[in-house]
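Asks: So the chains spell out like this:
Number of protein chains: 2
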Amino acid sequence: MHFMFEGVELEIVFLGTAGSTPTPDRSLPSIAIRRRGELLLFDCGEGTQRQMIKAKLGFPSKFKIFITHLHGDHIFGIPGLLHTLSLLNREKPLEIYGPKGIKDYIEAIEETVGLNLNFTLKIFEVSEGLICDCGDYIINAVWVSHSIPTLAYALIEKPRPGKFYPNKAKALGIPRGPLWKKLQMGFEIKLKDGKIVKPEEVLGPSRPGLKVVYSGDTGPCEKLIKLAYKADLLIHECTFDDSQAEWAYEEGHSTPSSVAKIALKARVKRLILTHVSARYKNTNVLEEQAKKIFSNVVVAKDFMRIELKHADL
Amino acid sequence: MHFMFEGVELEIVFLGTAGSTPTPDRSLPSIAIRRRGELLLFDCGEGTQRQMIKAKLGFPSKFKIFITHLHGDHIFGIPGLLHTLSLLNREKPLEIYGPKGIKDYIEAIEETVGLNLNFTLKIFEVSEGLICDCGDYIINAVWVSHSIPTLAYALIEKPRPGKFYPNKAKALGIPRGPLWKKLQMGFEIKLKDGKIVKPEEVLGPSRPGLKVVYSGDTGPCEKLIKLAYKADLLIHECTFDDSQAEWAYEEGHSTPSSVAKIALKARVKRLILTHVSARYKNTNVLEEQAKKIFSNVVVAKDFMRIELKHADL
Numbered sequence: 020m021h022f023m024f025e026g027v028e029l030e031i032v033f034l035g036t037a038g039s040t041p042t043p044d045r046s047l048p049s050i051a052i053r054r055r056g057e058l059l060l061f062d063c064g065e066g067t068q069r070q071m072i073k074a075k076l077g078f079p080s081k082f083k084i085f086i087t088h089l090h091g092d093h094i095f096g097i098p099g100l101l102h103t104l105s106l107l108n109r110e111k112p113l114e115i116y117g118p119k120g121i122k123d124y125i126e127a128i129e130e131t132v133g134l135n136l137n138f139t140l141k142i143f144e145v146s147e148g149l150i151c152d153c154g155d156y157i158i159n160a161v162w163v164s165h166s167i168p169t170l171a172y173a174l175i176e177k178p179r180p181g182k183f184y185p186n187k188a189k190a191l192g193i194p195r196g197p198l199w200k201k202l203q204m205g206f207e208i209k210l211k212d213g214k215i216v217k218p219e220e221v222l223g224p225s226r227p228g229l230k231v232v233y234s235g236d237t238g239p240c241e242k243l244i245k246l247a248y249k250a251d252l253l254i255h256e257c258t259f260d261d262s263q264a265e266w267a268y269e270e271g272h273s274t275p276s277s278v279a280k281i282a283l284k285a286r287v288k289r290l291i292l293t294h295v296s297a298r299y300k301n302t303n304v305l306e307e308q309a310k311k312i313f314s315n316v317v318v319a320k321d322f323m324r325i326e327l328k329h330a331d332l
Numbered sequence: 020m021h022f023m024f025e026g027v028e029l030e031i032v033f034l035g036t037a038g039s040t041p042t043p044d045r046s047l048p049s050i051a052i053r054r055r056g057e058l059l060l061f062d063c064g065e066g067t068q069r070q071m072i073k074a075k076l077g078f079p080s081k082f083k084i085f086i087t088h089l090h091g092d093h094i095f096g097i098p099g100l101l102h103t104l105s106l107l108n109r110e111k112p113l114e115i116y117g118p119k120g121i122k123d124y125i126e127a128i129e130e131t132v133g134l135n136l137n138f139t140l141k142i143f144e145v146s147e148g149l150i151c152d153c154g155d156y157i158i159n160a161v162w163v164s165h166s167i168p169t170l171a172y173a174l175i176e177k178p179r180p181g182k183f184y185p186n187k188a189k190a191l192g193i194p195r196g197p198l199w200k201k202l203q204m205g206f207e208i209k210l211k212d213g214k215i216v217k218p219e220e221v222l223g224p225s226r227p228g229l230k231v232v233y234s235g236d237t238g239p240c241e242k243l244i245k246l247a248y249k250a251d252l253l254i255h256e257c258t259f260d261d262s263q264a265e266w267a268y269e270e271g272h273s274t275p276s277s278v279a280k281i282a283l284k285a286r287v288k289r290l291i292l293t294h295v296s297a298r299y300k301n302t303n304v305l306e307e308q309a310k311k312i313f314s315n316v317v318v319a320k321d322f323m324r325i326e327l328k329h330a331d332l
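Each protein sequence line maps, in turn, to chains A and B.
Residues in the first sequence are numbered from 20 upward in steps of one, following this note's numbering.
Residues in the second sequence are numbered from 20 upward in steps of one, following this note's numbering.
Just so you know, the hints here were simulated from the structure itself, not pulled from any lab data.
Treat the hints with care, since some could be wrong.
Same chains, same names: a pair is fine if it fits in one copy or spans any two.
As a list, the in silico EDC-like pairs of lysine to aspartate or glutamate whose alpha-carbon atoms are at most 16 Å apart [said to hold, decoys possible]:
hint, residue 1, residue 2
1, K119, E130
2, K141, E110
3, K73, D44
4, K300, D123
Bear in mind the structure is a predicted one, so any value in this text is a computation, not a measurement.
So that you can see chain A by itself, here it is in the shape it has in the complex (with noise of 0.2 Å):
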């Protein structure tokens, strides 16, 4: 197991960059999120429990999958997961989330040759919007453009607490301990005295989570500027540099050009390339093309970790 640093709330691990066919560097696409000990795995290409296994995440009871589409090199790694999981003894439901025929497929494998699953497989197949709500985070979808239904899934965090300040609790006569805490969590208390005490007391205004979006295979797609609007990360397919262009865009897939425009409009904080053909074994053109309009870009690899942090506000 890689422990997270601390202060690092959530940590984005590149387990498969690459785009249709795999590469000597870069395997079948995946990307993996972790966030208080929960695991998040978008996409599920051929190879990802291998690449799971050697970033050493792990198999957390927390795990969940998206699947942005229907396209074998975004899940042929499903079933020799599953059946990993099954053979590690999971025990606890697992979630997977992805675009209608997600059901079908992964019944069509139990039905023939079998998964041998020991714990339930909540299958949801989902359409843009609210995909699920979970607690203190929420995961929104919407469809972009490719050659059949993609979705892009934005992880976003709901507003945290403001910030405490502990004078003004001792002020209002709070002793330091539990009631500072269940303050700063954004519970109200009451004191010995039948005093109530609101957080907002002790609180300054809440404060934003982070937001990380990744896009699934797509040509330009303007829905996408909504979701990922002012993302602390946005994860962006990148097929082909930008002499394709229109090749590009015809089979449903981004240039450096076009996704950086996106990330410009969308206002983000940075942004990552995946989804790398494998006819470039340098990518140093990609990350080019993309710098001349969008500063803070790199085009990922298999294995680089990025770790995101609250703003101390």
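Keeping the supplied structure of chain A fixed, place chain B upon it in accordance with the hints.
Replies: Same frame as chain A, but now just chain B:
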């Protein structure tokens, strides 16, 4: 493309040597055999296509796949491999051999998410006996002892013409050149004076071809002794070490001593153990236990290459 050295008749490349679950060092089961520009793949666990790319095997037009059984760890690499062959514009038909059910499995994926094949897939559901006669070699199979129907395969080269004696040819007045070649290949020739020369007049006795046997998952199995009799190489699963023998046999798996006994009885020249459980970070224990009974044994590693040459009889 990785080239074979002159004189090498068969090259065996271990693409995946794990059992059931992958590890950082071992991909899921698959073994490639190269022979005169042809590629034969035995099992196709998840990740096989990427292992093939890493091993620089290419995807030759002469390419057949043999599946031992329908457990996920041996077949979940098929869809991705077919997907990639299509993207590479393969046109020549591809043959897949395996136990009953292999057709339903592949068709189920085709029917649910599509494989977009632009070549013909010929799927043969086979039983024990002669699997295919491929000209100068055959593939035979027997049922072995696993929890579901499982085949072991033998690649058996047909006997080659005997050694050519130039002095005998000269004595018969045959001019050096194409007629020598024809005789060497086992064909009779006609000289200018009308005299017929039969190959046995200039050749020694016919020479045996090479024989390689791959077990698939199995507990100790008497049938394998016959299939592997006098093989140049036996590749046999060895999931657990001898201390786990009782449990291994119950699960339809083998241990070093049981495999070594089969190699000894079958009088094979060489033994390679594969399909190693993830619990063995260090496989010395497996090798040592086998060596006590059969000395010419190693445990396979991913990307290990074994070259087999014809004996110079």
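Asks: Of the hints given before, which are not true for this structure?
Replies: Result: hint 4 breaks, nothing else.
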